[in-house]
Amino acid sequence: MRMKARAVEGPDLIGLLARSVPTRLIDISRTGCLLESQQRVDEGTVGELKLDVERETFVDDVRVIRCVLVEGSGSVYLVGAEFLQTHRPGERSIRLAVGSILRELVTRQTARRVRKTSASQSGDGKGTAAPAIVNEVPFNERGSAMKERLVRFIREDEGQDLIEYALLGGLIIAVGAALITSIGTGVKSQLTTLCGVIPGCS
Amino acid sequence: MAGRRRDQRFQLSVPWEGALRLPTDVIVERCSDHEVWVVSPTPAHRDEMLTLDTAGSGPPETLRVRVADSVPVLMDGVMRHRLRLAIIR
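For the record, the sequence lines run as chains A and B.
Counting in the working numbering, the first sequence runs from 7 upward without gaps.
Counting in the working numbering, the second sequence runs from 65 upward without gaps.
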């Protein structure tokens with residue numbers, strides 16, 4: 007667009023007006039991420055997510071799928087976004103790096119499982135070394151910079167589901183125990199009454 | 065809980081700072097050395113800082129702009145917003 011001293015008519019001139027919403031990355035998966043923002047973002051909005059990591063910028067296209075106001079926070083929103091596969095992930099792709107980390111974790115977990123299985127099969131716990139059936143997936147060099155940074159910062163939340171199941175189990179046990187106790191008390195009282203009515207019952 | 069999470073998620077011990085760039089298509093109505101008038105489907109806050117990428121007959125250009133005014137207008141029976149943008153650089 008050529009700026010001139012006088013205002014000019016430009017009916018066919020189209021533009022892209024972009025708003026930049028500051029965000030913080032809370033968590034991330036292969037397909038999406040959770041962001042924290044001070045501004046509300048409409049669900050369905052498509053945009054570009056830029057992350058600044060140690061003076062380097064990583065970018066990917068995302069679509070906002072959820073935006074929830076954090077209660078009691080004033081104006082802090084949690085924004086759920088999914089990565090869009092609009093183009094081949096580049097050197098600075100966020101999802102490329104996450105995929106790389108995930109592959110490494112899966113490889114490690116498989117190796118751990120195989121080691122455990124082979125140890126239990128040998129019987130004495132010492133066992134033989136894990137057989138080399140684990141497929142080592144080499145990292146993509148292009149995403150390695152982001153991957154290294156991610157690995158330094160992330161902590162896996164794999165155990166979170168286990169905690170939730172444990173809490174649910176505990177709750178079921180507590181409710182069951184309370185019910186059984188209350189039924190037991192009722193049965194005992196009925197038996198006592200019955201014993202009082204039947205002669206010779208002690 | 066099963067199936068609630070499609071994929072394994074990783075939490076960051078120290079959240080990373082970043083920005084979500086949300087683009088909107090606009091029609092550039094008029095422009096001068098210091099200001100640009102555009103018609104946008106969404107309103108904007110006064111003094112909000114935005115980026116305007118233009119693509120027309122000339123070479124594409126990126127301008128840093130500040131919203132000077134945002135007025136709702138009815139165009140072809142559809143609600144639009146006329147934004148007056150002050151060019152920063």
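Where hints are given, some of them may not hold.
As the list claims (entries may be wrong) - Derived list of chain A stretches under chain B, where covered just means 3 residues or more per stretch with a C-beta under 8 Å from a C-beta of chain B:
no.	segment
1	56-69
2	74-83
3	91-99
4	184-190
Unchecked claim - Going by beta-carbon spacing under 8 Å, a handful of chain A positions derived as facing chain B:
no.	residue
5	L19
6	V27
7	P28
8	L41
9	G53
10	Q196
Please keep in mind that the hints were generated in silico from the structure rather than gathered at the bench.
Here a beta-carbon is modelled for each residue, glycine too, at the ideal position from N, C-alpha and C.
Hints and how they fare:
no., hint, result
1, 56-69, "holds (count 5)"
2, 74-83, "violated (count 0)"
3, 91-99, "violated (count 0)"
4, 184-190, "violated (count 0)"
5, L19, "4 Å, holds"
6, V27, "4 Å, holds"
7, P28, "6 Å, holds"
8, L41, "7 Å, holds"
9, G53, "4 Å, holds"
10, Q196, "40 Å, violated"
Of the numbered hints listed earlier, those contradicted by the structure are 2, 3, 4 and 10.
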